[in-house]
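Peer 1: Quick mapping for you: the protein sequence lines, in order, are chains Z and B.
Numbering of the first sequence is given in numbering that gives the first Met the number 0, commencing with residue 0 and proceeding in unit increments.
Numbering of the second sequence is given in numbering that gives the first Met the number 0, commencing with residue 0 and proceeding in unit increments.
Worth flagging that the hints you see were computed from the coordinates, not collected in a lab.
FRET-style restraints, in silico, Cβ to Cβ:
#, chain 1, residue 1, chain 2, residue 2, range
1, Z, A95, B, H148, 33 to 43 angstroms
2, B, G297, Z, R77, 41 to 51 angstroms
3, Z, E98, B, R492, 57 to 67 angstroms
4, Z, V82, B, G255, 47 to 57 angstroms
5, B, S202, Z, P266, 24 to 34 angstroms
6, Z, R233, B, S202, 12 to 22 angstroms
7, B, K320, Z, V82, 44 to 54 angstroms
8, B, G297, Z, N210, 56 to 66 angstroms
9, B, H148, Z, E74, 15 to 25 angstroms
10, Z, S50, B, D472, 55 to 65 angstroms
11, B, H148, Z, R77, 18 to 28 angstroms
12, Z, S50, B, R492, 28 to 38 angstroms
13, B, K320, Z, A419, 30 to 40 angstroms
Quick list of in silico lysine-lysine cross-link-like pairs, BS3-like style, CA-CA up to 30 angstroms:
#, chain 1, residue 1, chain 2, residue 2
14, B, K205, Z, K259
15, Z, K622, B, K146
16, Z, K622, B, K213
17, Z, K622, B, K111
18, B, K212, Z, K259
Built from N, CA and C at the ideal position, the CB exists for glycine as well.
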Amino acid sequence: MLRLDRQTFRWDLFLSALLMAAISSVKAFGGVPENVKAILTGNCLDCHDSSSKEAGVDLSRLLSGADTDKTVRAELWRRVERVVGNRQMPPEEVGALREGEIEVIQTAYREMYVLRDGQPHIGATPLRRLTRYELGNTLQDLLLIDGFLPDDSNGASTKSIFSSIPSDLPGPSGFDNDASRMQLLRPPIREISESVHRAVAILSEKEALFNSVIGLTQDVEKMSESEITQVLARFVSRACRCDQSQGGELGAAYYRQYAKLLETALPPRDCLIRVIEMILVSPEFLYRLELNEGRNEPYAVNARELATRLSYFLWSTLPDDELVELANNGDLLSEDKLRQQIARMLNSPKRVSLSENFAGQWLGFKDLLFNGEYLVDEQWNRESFEEMIYFFDEMIRSDRSVLDLVDSDWLFVRESQVKATEGDYLRLTSESLTGIHADVLATWRENLRGGFGGKLDDPPVLVRPINNRQGGVITSPAVMRLTSSRSRTSPIRRGVWVLNTMIGRDLEAPSDVPPLDESRERLALIENPSVAELIQQHVSKPECVSCHRLIDPLGLGLENFSIVGQWRTEYEDRARVVSQGEMPNGAAFKNPKEMKRLLLDLYGDEIAMNFVSKLMAYAIGRKVEPHDRHSLDQIIRKVRDNGYRLNTVIEQIILSPQFRCRQDH
Amino acid sequence: MSQKRYQIPRRSFLRGASVSLALPWLDIMTGSALGSRSDKEPPTRLCVLYKGCGVNPHSWDIVGGNETDFELSRILQPLSASRDDILVLGNLDNQGSSDHMDAPGTFMSATKHKDADRYSFDQRIADAVGGQTPLKSLQLTADKVWKQHPWLNILSYDKDHQPLRGQHDPQVVFEELFRDYTQGQRNDELASVLDGVKDASSSLTKKASARDKKVLEQYFDAIREVEISIQQTRLNRRSAPIDGKLLRIDPNLKVGNLGERIKAMMDLITLAFWTDSTRVISCMLANTNSRSHYDFMGVNAEFHYVSHHVRNRKVLPDYDKINIWHTGQLRYLIEKMKSIQEGERTLFDNSLILWGSGIKHGDYHSLTDLPLVIAGGAGGKIPLGRHVRFPQAQPYANLLSTVMDLMGCKDTAIGDSTGQLDGIRELADFKTANPDDGSWEIIRSDGKTLTAKGLLRISLDEEVEFYRLTFSDRSELEIRIPYMNNHRLRFDRCVGKVVTLDGEYREVTGKKTLISLTKVQVNP
Chain Z
0 MLRLDRQTFR
10 WDLFLSALLM
20 AAISSVKAFG
30 GVPENVKAIL
40 TGNCLDCHDS
50 SSKEAGVDLS
60 RLLSGADTDK
70 TVRAELWRRV
80 ERVVGNRQMP
90 PEEVGALREG
100 EIEVIQTAYR
110 EMYVLRDGQP
120 HIGATPLRRL
130 TRYELGNTLQ
140 DLLLIDGFLP
150 DDSNGASTKS
160 IFSSIPSDLP
170 GPSGFDNDAS
180 RMQLLRPPIR
190 EISESVHRAV
200 AILSEKEALF
210 NSVIGLTQDV
220 EKMSESEITQ
230 VLARFVSRAC
240 RCDQSQGGEL
250 GAAYYRQYAK
260 LLETALPPRD
270 CLIRVIEMIL
280 VSPEFLYRLE
290 LNEGRNEPYA
300 VNARELATRL
310 SYFLWSTLPD
320 DELVELANNG
330 DLLSEDKLRQ
340 QIARMLNSPK
350 RVSLSENFAG
360 QWLGFKDLLF
370 NGEYLVDEQW
380 NRESFEEMIY
390 FFDEMIRSDR
400 SVLDLVDSDW
410 LFVRESQVKA
420 TEGDYLRLTS
430 ESLTGIHADV
440 LATWRENLRG
450 GFGGKLDDPP
460 VLVRPINNRQ
470 GGVITSPAVM
480 RLTSSRSRTS
490 PIRRGVWVLN
500 TMIGRDLEAP
510 SDVPPLDESR
520 ERLALIENPS
530 VAELIQQHVS
540 KPECVSCHRL
550 IDPLGLGLEN
560 FSIVGQWRTE
570 YEDRARVVSQ
580 GEMPNGAAFK
590 NPKEMKRLLL
600 DLYGDEIAMN
610 FVSKLMAYAI
620 GRKVEPHDRH
630 SLDQIIRKVR
640 DNGYRLNTVI
650 EQIILSPQFR
660 CRQDH
Chain B
0 MSQKRYQIPR
10 RSFLRGASVS
20 LALPWLDIMT
30 GSALGSRSDK
40 EPPTRLCVLY
50 KGCGVNPHSW
60 DIVGGNETDF
70 ELSRILQPLS
80 ASRDDILVLG
90 NLDNQGSSDH
100 MDAPGTFMSA
110 TKHKDADRYS
120 FDQRIADAVG
130 GQTPLKSLQL
140 TADKVWKQHP
150 WLNILSYDKD
160 HQPLRGQHDP
170 QVVFEELFRD
180 YTQGQRNDEL
190 ASVLDGVKDA
200 SSSLTKKASA
210 RDKKVLEQYF
220 DAIREVEISI
230 QQTRLNRRSA
240 PIDGKLLRID
250 PNLKVGNLGE
260 RIKAMMDLIT
270 LAFWTDSTRV
280 ISCMLANTNS
290 RSHYDFMGVN
300 AEFHYVSHHV
310 RNRKVLPDYD
320 KINIWHTGQL
330 RYLIEKMKSI
340 QEGERTLFDN
350 SLILWGSGIK
360 HGDYHSLTDL
370 PLVIAGGAGG
380 KIPLGRHVRF
390 PQAQPYANLL
400 STVMDLMGCK
410 DTAIGDSTGQ
420 LDGIRELADF
430 KTANPDDGSW
440 EIIRSDGKTL
450 TAKGLLRISL
460 DEEVEFYRLT
470 FSDRSELEIR
480 IPYMNNHRLR
490 FDRCVGKVVT
500 LDGEYREVTG
510 KKTLISLTKV
520 QVNP
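Based on the provided sequences and hints, a complete structural model is requested.
Peer 2: Structural data, given as structure tokens:
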């Protein structure tokens with residue numbers, strides 16, 4: 000078996016050396032180095048000791064090495080490193096840390112949580128199971144069937160054969176392919192079996208197709224044991240993504256099942272169909288099993304396993320013939336070949352899964368189709384959904400900066416909207432795109448997997464917004480709807496969305512919110528307080544301010560957008576919309592456009608880092624952990640050097656040890 | 000050949016939005032479906048209905064009266080015609096976590112922590128009695144599944160603490176209920192597929208790492224689970240006469256809004272019990288962070304939003320409206336189940352419905368004095384038409400223990416239970432908390448101020464709350480005082496108690512109204 004040398008990954012030697020030096024200087028007190036203890040005691044404990052506990056943070060527990068729970072400690076350290084690292088803390092009024100002090104804390108954090116015995120590692124690789132979305136794609140691509148069932152009424156496809164499988168639940172990573180969440184719950188075997196049964200039944204109705212998909216060259220009744228075994232071995236190798244010897248073993252095992260069924264007087268073809276169903280319910284098919292060497296350090300996976308990882312990351316389906324071939328001859332392990340394959344795969348219509356499944360879950364716009372709570376009307380939701388798909392796919396197609404998600408000078412907007420507000424947009428032709436990959440969305444519209452039935456005739460059109468209002472996804476109708484309730488916009492919900500989703504802060508809802516009435520009473524002197532004034536009054540308590548000074552400007556800056564993302568200057572009660580505010584660093588803005596500009600100034604790097612972390616989590620099927628920090632730092636450096644281009648992010652994630660290696664403990 | 004083997008019930012795919020629900024089966028549900036069963040006694044069934052988001056306590060609490068003679072509160076009004084079919088319980092305290100996510104699990108197992116023993120009481124009952132029906136138990140959820148926080152909607156946890164997700168789609172529930180009847184052969188095929196899968200499991204799974212093997216155990220557990228349920232269905236296949244009736248059912252269940260969905264679910268619960276398809280059902284009507292809109296009944300706001308009614312008083316009328324509507328759904332279920340005769344009694348008499356919310360106060364998320372109603376006699380074992388308020392707070396877990404005992408569970412210890420509750424199986428006959436000794440009256444009045452003693456109640460006039468002092472002669476004194484006066488005297492907390500008041504009043508056409516208070520004294 001081909002193995003890639005671990006050295007190929009070029010761990011940052013400089014960093015390692017630095018760390019080794021740091022270790023020797025560390026004298027642990029409750030696990031915390033003395034020099035770190037001194038910095039925290041001198042700069043942080045005034046506000047964050049057990050009595051003040053500002054913002055709920057008590058650092059004295061970290062320093063005393065007391066009873067604190069291990070995961071709580073780790074989380075607290077992660078926050079310390081983060082706020083110290085991006086210079087949020089200590090606050091300016093209190094006095095910034097001295098030269099070198101930040102590095103001391105970062106080094107200690109690396110030593111405690113990022114490295115293991117001074118070495119980077121990737122944590123234990125979780126076993127992954129196909130999600131419903133992946134299973135659906137895989138069965139359609141493997142069996143060459145259409146997963147949609149015709150509706151009697153108008154011929155539109157509304158229901159897939161997989162929709163009876165309960166949807167997967169997003170895990171700590173925020174995605175439904177999170178292995179840790181899937182491991183907690185038993186797989187819905189009955190529903191999966193029924194879907195497989197339906198899929199195989201559809202295939203078996205088409206005799207010629209059935210024969211070619213399964214690999215039958217003649218009537219199964221006329222075939223010998225070894226011929227049938229071979230057919231089964233070939234099919235199982237492809238379906239279960241395994242090598243020849245494993246395929247051979249499984250082929251023989253399934254032949255025994257075939258023979259057993261024959262004894263029950265079932266016709267031979269029906270026996271074969273039943274065995275195909277068994278294969279597609281088997282653990283080898285539903286789980287992405289990998290060979291293991293029982294090691295507690297990263298080692299490269301083999302070419303076949305890499306092909307599977309690659310294919311499910313970029314396509315959410317099983318590897319195609321070309322990938323299988325490069326896996327079988329081992330070529331995929333060469334970095335050049337791997338890069339070529341990434342480029343090829345991003346040029347394929349199957350890349351839409353990145354928009355549908357990754358962006359759809361991350362930005363939440365999948366809910367426009369599947370959560371009735373956000374239903375405006377079917378056409379509106381479908382158009383809003385498509386605007387997002389087109390936007391994200393264009394990011395890949397033209398390899399754009401991930402910061403375009405915040406603001407961009409190009410947009411996809413529904414035709415009706417462009418027509419209605421002619422002065423707001425300049426139509427662009429497809430030539431004005433810098434597309435380096437093929438336009439695949441026409442194909443996607445033809446073979447829409449999921450969503451509402453009925454084809455929409457008009458795809459969203461490419462425009463340049465010239466109204467100084469829109470740009471990026473933050474102000475899109477989709478996001479504006481997803482961050483509003485059905486009856487009103489909520490600046491707080493929107494602010495929290497931007498912070499959590501785009502910037503990657505994990506804010507938790509507070510538990511003791513003072514009544515809004517209280518703020519109203521205090522505002523009694525002001526006639527008709529504005530939304531901003533109400534909120535300001537409402538969160539005037541010091542413990543609220545620390546989060547709300549981050550949240551509120553982001554939401555208030557979006558007040559010009561109604562529940563459905565329409566521009567407005569007054570509310571229904573004719574009160575004027577005020578969308579001005581001040582960022583936590585004091586920079587003021589007067590409208591959404593300016594707010595987004597400041598957002599990029601203030602958080603640009605964090606936004607890019609968050610994007611990398613989210614895509615990484617999606618790629619590796621688990622939440623990003625402290626030990627991934629080393630790779631993430633390397634990736635973000637390359638991404639920053641490359642103008643934050645999306646395809647660089649994709650490529651760098653694939654080239655990282657997290658993606659190409661396995662670790663067992 | 001496979002045309003006929005490819006059996007997807009056609010009606011599965013006939014769904015569309017916003018078409019009204021039609022339930023043609025209800026007219027065939029006359030008389031017992033258990034006619035030909037050998038069982039002498041009809042079985043007892045359990046249905047748990049959970050409505051999250053708590054209540055406005057003043058709108059829920061029953062004030063005054065005694066165990067059998069009492070006035071239904073505002074939220075309980077829809078049950079006025081079913082007054083003799085319910086047992087309203089008061090002063091049962093739960094422990095554990097009352098946050099949005101934990102509230103349902105806490106309600107079902109009376110446990111303290113997130114990771115504690117979540118084996119829910121309905122599943123303990125299902126494990127004890129569920130073996131005699133095609134389905135061991137059934138879980139439904141009418142509320143939207145919020146994927147980021149799935150636990151919000153989960154009530155039942157099995158003995159391995161696996162959450163049992165509720166089915167949201169009435170049509171799928173229908174098919175699940177009658178799978179053995181419509182797809183008996185399919186079950187046999189499925190069993191053979193799973194058998195083969197276990198047999199053929201390769202060295203790839205055997206060579207998996209220790210961690211991976213643990214994950215695969217879940218897979219094989221899941222297979223075993225399906226096999227057991229197939230076995231159980233085979234064993235308890237329904238008798239022919241029911242099949243005959245079921246043949247006439249073509250449910251075509253289309254639900255356009257939440258109201259229709261809940262109605263369909265109440266119908267399905269009745270149908271499932273009537274056909275003895277299962278004896279244990281839990282149903283999430285609304286979760287504790289419900290983002291459902293009740294626009295079908297004219298409330299255009301999220302349930303959870305209006306439930307935080309203290310910090311935003313404007314929402315209170317809508318909050319009450321939704322809660323009142325939910326009580327109406329309980330009445331609907333009671334009526335449906337009462338319309339079905341089973342031997343000497345009705346299906347309702349042979350069932351036990353536990354209706355409740357995981358928290359009491361919608362804004363404060365309190366776990367004390369939970370709002371709870373029992374309906375159905377559990378086979379003639381529970382006298383109904385009562386309001387039982389325990390003189391001292393009792394552990395809510397004791398109610399779960401009592402229900403488990405009534406349902407035939409041997410081991411009834413759960414959460415912080417200490418035993419069974421008195422006053423469920425028999426008249427409680429507790430001493431009335433606020434006996435009227437004939438002294439409730441206006442003690443003095445001088446044209447400007449007065450002193451009065453009586454039972455304090457609260458009412459709602461449009462959007463404004465006001466108080467009423469009830470006297471021994473059944474007359475009343477209205478109390479409308481400024482917010483800060485109320486606030487400083489903590490007056491609102493005296494509702495439900497006998498109080499002596501001093502204050503200023505105004506008299507219009509002979510009717511006195513207290514307009515400010517100087518002193519409030521709660522009588523012991």
